[in-house]
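Engineer: Residue-level listing of the chains:
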Amino acid sequence: MFRDLLECTPRGLYCPAGDFYVDPWAHVDHAILTHAHADHARSGSKRYLSAKSSESLLRVRLGQSIDLQTVAYGESLRIKDARVSLHPAGHILGSSQVRIEVAGRVALITGDYKLQSDLTCDAWEPVRCDLMVSESTFGLPVFRWPETRLVVQEMIGWWEENQRQGRTSLLLAYSVGKAQRVLAEIFRVCGVEVASKVAVHGAMLGPNRAYVSAGVALPELPSAASLGGQHDWSQSLVIGPPSSQSTPWMDRFSDPSIAMASGWMAIRGTRRRRNVERGFVLSDHVDWPDLLTAIGQCRPERVWVTHGFSEVVSRYLTESGIAAEVLQTRFAGEESEPTVVEKSEEAS
Amino acid sequence: MREFAQLYQRLDETTKTNDKVLAMRDYFSQASGSDAAYALYFLLGNKLKPSLPTRIIRRAARLGAEVPEWLFEETYQWVGDLAETAAAMVKGRSHGGQESLPDTLPDTLPDTLPDTLPETLSETIAERLLPLLRSASGTQRSTRKSSLSSDRRLEIDEALASTLVELWSRYDLLERFVFNKLLTGNLRVGVSAKLVTKALSQWCGVPSEELSHRMMGEWEPSETFFKQLVAPEYSGSSPAKPYPFCLAHPLPQGYSEENSVVDFLAEWKWDGIRAQLVRRAGRTYLWSRGEELLEGRFPEIELAAEGLPDGLVLDGEVLGYRDGVPLAFTLLQRRIQRRKPGVKLLGEVPVVFIAFDVLEHEGKDLRQEAYEQRRRLLESLDWGVACVGQALRISEVFSFSDWGSLFQKRDTAREHGSEGLMLKHRQGRYDVGRVTGTWWKSKVTPYTVDAVLVYAQRGHGRRAGMFSDYTFALWEEDRLVPFAKAYSGLSDQEIVRVDRWIKENTQKKFGPVHEVLAHLVMELAFENLQESSRHKSGIAVRFPRIVRWREDKQARDADRLEDIRRMLKGKGESG
Ligand SMILES: [Zn+2]
Chain A
1 MFRDLLECTP RGLYCPAGDF YVDPWAHVDH AILTHAHADH ARSGSKRYLS
51 AKSSESLLRV RLGQSIDLQT VAYGESLRIK DARVSLHPAG HILGSSQVRI
101 EVAGRVALIT GDYKLQSDLT CDAWEPVRCD LMVSESTFGL PVFRWPETRL
151 VVQEMIGWWE ENQRQGRTSL LLAYSVGKAQ RVLAEIFRVC GVEVASKVAV
201 HGAMLGPNRA YVSAGVALPE LPSAASLGGQ HDWSQSLVIG PPSSQSTPWM
251 DRFSDPSIAM ASGWMAIRGT RRRRNVERGF VLSDHVDWPD LLTAIGQCRP
301 ERVWVTHGFS EVVSRYLTES GIAAEVLQTR FAGEESEPTV VEKSEEAS
Chain B
349 MREFAQLYQR LDETTKTNDK VLAMRDYFSQ ASGSDAAYAL YFLLGNKLKP
399 SLPTRIIRRA ARLGAEVPEW LFEETYQWVG DLAETAAAMV KGRSHGGQES
449 LPDTLPDTLP DTLPDTLPET LSETIAERLL PLLRSASGTQ RSTRKSSLSS
499 DRRLEIDEAL ASTLVELWSR YDLLERFVFN KLLTGNLRVG VSAKLVTKAL
549 SQWCGVPSEE LSHRMMGEWE PSETFFKQLV APEYSGSSPA KPYPFCLAHP
599 LPQGYSEENS VVDFLAEWKW DGIRAQLVRR AGRTYLWSRG EELLEGRFPE
649 IELAAEGLPD GLVLDGEVLG YRDGVPLAFT LLQRRIQRRK PGVKLLGEVP
699 VVFIAFDVLE HEGKDLRQEA YEQRRRLLES LDWGVACVGQ ALRISEVFSF
749 SDWGSLFQKR DTAREHGSEG LMLKHRQGRY DVGRVTGTWW KSKVTPYTVD
799 AVLVYAQRGH GRRAGMFSDY TFALWEEDRL VPFAKAYSGL SDQEIVRVDR
849 WIKENTQKKF GPVHEVLAHL VMELAFENLQ ESSRHKSGIA VRFPRIVRWR
899 EDKQARDADR LEDIRRMLKG KGESG
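In the order they appear, the protein sequences are chains A and B.
Numbered according to my numbering, the first sequence spans residues 1 to 348.
Numbered according to my numbering, the second sequence spans residues 349 to 923.
Hints are computed from structural coordinates only; laboratory data are not their basis.
Any given hint could turn out to be false.
[To be verified] Where chain A lies over chain B, by a calculated footprint (3+ residues, C-beta under 8 Å):
no., region
1, 426-440
2, 746-752
[As the list claims (entries may be wrong)] Which chain B residues stay away from chain A? Per the calculated CB distances, all over 10 Å, these:
no., residue
3, Ala-413
4, Glu-422
5, Cys-552
All C-beta atoms, glycine included, are put in the ideal place defined by N, C-alpha and C.
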């Protein structure tokens, strides 16, 4: 039914009419990338296309020398027999949904996306389509995100309490996207003056610079390692990637209170398995209500569900009268294993 | 409700004992008497009765979240916790609440935010929870009497579910979660009674030991009770209260090297029900170690005790006993289960109370006196016309000049229907809650411990489909650390009962493994033990098996990991 438009191949989603792939997991000639996370943007392909605002991050992740063409959101391109445009996905800086039109039929590949506000990227836009390929990372009805503003307030309260107790506030957050979003929110509320008390893990320096060069306002922050042995950490907020937990890197801090910002923190069991004192429910993916809202607004006639609770979401959609099926990806089977998803989203 | 929910969160977030104590102290210092009474009640592991049938919570969650049944179940499977699944699915007040956020925009709050929402824990319980629980249990009862048609029952379920949805909508996520935990009677906060008492003591200044005595037995979580509890001078009026029980710990095996046996008095360790016999205000109260009043269960003991003087508290063991011989525990179990034993059973399994200590005499608390003194008093007591020798007896004590002869004596325990020796320090006070070396128990080998069932799995072969593979844990601080798996030892009937219990008390599933409520205590025996870095407990046990199900014990009475470590220390040495 959508044969010329989109098919699922061993190398990833492929558009026959335009002869290009979207987020391929193997080397191809022409790849369109939805965003810079490691499980979507892989090196080794000949030519890449992405949104303009994704460029700085992609070059940090895939190397300066990649052959990368960029387009503005909404700008329409003809690629062979397909008409292609990119639309904001609201996931991280430069994240796109890929709209492909072939002979009047429209496919939309959402990549990762969210509907919640984010100071560090353009807001998600609904795109009318016939076929929608949607992620389902948090596709269970227990995932309902609290307002960002409230979570950030809670986070600041936690930092203040730790300062009173002379404990380092160590917040675990993905290096690309989540870290910058959290920083931007905190500086918005507390002012950039507090930047002198904030440090990051070395893995975030590159992504932070990429955000700044793309026009996101972030103060220059030092890496924790650069601050030397005599540094007083008792008032500090330090952002580190989840993988830094229980590594020697953490030894420098004074009795750190460890917290994590992630959608998985909504569930007590995953929070406990993570072994953190505090969990802040802050996600860059759609929650259950937003997933349904997004599908409702894009009004596809068919949905391919991928990345996450695909079985559950596709059954629910089918019962609600929207044709849906599970898109078998290389990551099939990760539904019940949040740590896999976490890792795949983590900066390498 | 908000404060209590936050207390729950603080306790849940930290593993540090001091932080937990601080969190509870903070709570007590700001709570009203009636809230504090309920908080204390829940922290100590008590639950509201009856709990709400889970089918109503499921129904309400589906209704509130507008999801089909399969989706609810699928989600519940993944989350693994009913209270949490329901709380997270439904809509409610904004996360974080109104009070802490003066700048909350009006549009983030439901437009029907009521002005009558009960704020405090006690009001929430009195005005919301209890009415809900009562109407649900009313339905339950009428259904059982089958005076209620299934249509009518469905209608009532539906009404209860919509009430619940309405309630949920007024709480934020954390409050909903804690509220649901109270509804399901499943609020496990991971603090021991000892810690709770410590926190309360730090706040009110009454010593911990005094507090645990005042809290013995059954009490209503009321403001009056709480005020009396924390008052400098106790004015509580219940004459029934027993004292907190002094517990014996397994004798560390190297202990004999460094300590003198002449400091101890020994007696048989009986295989019965530990109990205190309280004589006050002309009445007799028999309390089990689980702080349960054994009223009416052992009429022969109560009758014999009528001859005892007032203001007397004896510590001892209830034992099946016939023709001068102790009876097996399994026989005694028949008596435990029967609230009002018939003549036939009384004849088949007569019981005695073997007194081994006196804690109060002429109304005076003797617990600070040396054991030797108390023992002397016990033996010189005026037993009045009590039927001593029949239902009331005094334990026999032995003294030894060398450890060797003590162990020799111990190894003849089975011949006397006993399981080993109790060793009590002559100068020891009647201590509570600490391992002080005043009371030791030394059982005939093999090693045995009382452990808590924490995980269960379905068995294979003959027991296929039944939960018959168990993992047991011992206490370390306030945590239960798994240390042994055991498959055998229970009778088929017991397995059926345990199986049913497990199904009803599964907290979480990890594939085939069910995590169950920490409640069932079983006595395990094993042949040998050794250090092991591969085991979380640091100890590997050989051939663990279940000796019996200790229905008389509560989870908190189980042994501690340090007890087993003490056995390990000096293993291989004599005794
Ligand atoms: Zn992503």
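Engineer: Does each hint fit the structure? Answer for all of them.
Structural biologist: Evaluated hints:
1. Here the region 426-440 of chain B counts 9 residues with a CB under 8 Å from a CB of chain A, which clears the bar of 3, and the coverage holds.
2. With 0 residues carrying a beta carbon less than 8 Å from a beta carbon of chain A, the region 746-752 of chain B misses the three-residue requirement, and the given coverage is violated.
3. With a closest Cβ-Cβ approach of about 5 Å to chain A, Ala-413 (chain B) is found to fall inside the 10 Å limit, against its non-interface label.
4. Its closest Cβ contact with chain A, about 6 Å, brings Glu-422 (chain B) to no more than 10 Å, contrary to its assignment away from the interface.
5. Annotated as non-interface, Cys-552 (chain B) keeps its C-beta farther than 10 Å from every C-beta of chain A; the closest such distance is 25 Å.
The structure fails hints 2, 3 and 4 (numbered hints given earlier, in ascending order).
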